[in-house]
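Make a model of the complete structure from these sequences and hints.
Heads up: the sequence shown begins at 1 in our numbering, then just goes up one per residue.
Read the hints as simulated data drawn from the structure, not as lab findings. Errors might be hidden in some of the hints.
Taking lysine to any residue pairs in the SDA-like style, the calculated list, with each CA pair at most 25 angstroms apart, reads [unchecked claim]:
hint : residue 1 : residue 2
1    : Lys320    : Ser342
2    : Lys308    : Pro293
3    : Lys365    : Gly330
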Amino acid sequence: MKSILSLLVLIFLPALQVSAQQASDYFPADPGYKWHYRVGVLDSLNNPVDSLTLYQIDTVLTTDTWKGKTSKFLGVKYGTYELVNFIPVVDTQFVSLNNTNAETYIRPAALNAITGLIDSTLIDSLLGGFNIFGFIGSFEGWYNPYRFANNVNSSYTIVRKDTTVTLDTLTLPLRFEARGRRISDGPVTTEIGTFNCKKFIMSYTVAYLPLPILPIPLLTINDTVYIAPGNWIVKTIAPSTLLDLNALQLGIFTIPGLKREIINPIPIVSVEDEITDAADFTLSQNYPNPFNPETRISFSLNTPGNVKLNLYSPSGELVKVISEGYFNTGRHSVLLSASDLSSGVYFYSLETPAGRMTKKLTLLK
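Laid out in structure tokens, this is it:
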């Protein structure tokens, strides 16, 4: 139950976060404009969890027609600070600027691009047979979350949908609702400057419906969005919140918060330049490359010490530890076996007391 509600909210949060009085005044005019964001998870006390921080780069790809509306096409990608520039776009978002409104298109099909190949049978079994992707697909369409001419503190419904979830022998009628509210303009300071922003609170609620006229809120996430003239979204913050399932005798759980803020452009650094002291060690290109299923990675140390050689996915997720331990001065060679991995581009990173160096390899099966 907790997994279903959390997944629904996290999927729709980014999709609706995209939006004075003319909406176009708040969107960059330059084609190819890029936003660089730091995206952090917040714990139950709303402190950032540094180990879960990712970085996001959005790019204006083009202006064209999408589903009947003139739209800005935004390419989106996520990754670690070191790798995000090298990662391909994993999602496309659409924003239509219509007078005083900014509409966004929810495209559940894009979920596959973000999550990769998903065993939907396994997902359904974990969620008690609830067809999560079918339910998400029912939301596809244009929505109007950002209404710049709306009266301050006057709320409006963006979307509401009722469904029924069966978990084991428990049948739960639920309501998912997203509402918006414009609040007073205010300044926000970011790495790229201080802006007088339009501010919105997007409220995402999941409620239990024992009776259609008596919804019992189980989860409400309030996401504050800051939109700066000519810069679009510069900050969003959704504090951690409680998932209260006491009405179902299932207890109370904490849902982590999420904070996204614009930062200075992330430099494109040659992977060979990532180290602190190049005189202390070197990392060679793997051979052969491309390879299947084995390749050798060599490195040299001028100073003995503890070394770790890791393999990462394009999104920056640790795939495996190739080698770890104390190495003496000299040249070393490590065999990487990738028989258990899918074809694609990966990154291998050598971490030493003197710094780190990263290179790219390609597995072709």
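Evaluation of the provided hints:
no.: 1; hint: Lys320 x Ser342; result: holds, 13 angstroms
no.: 2; hint: Lys308 x Pro293; result: holds, 21 angstroms
no.: 3; hint: Lys365 x Gly330; result: violated, 33 angstroms
Hint 3 alone, counting from the list given before, is not met by this structure.
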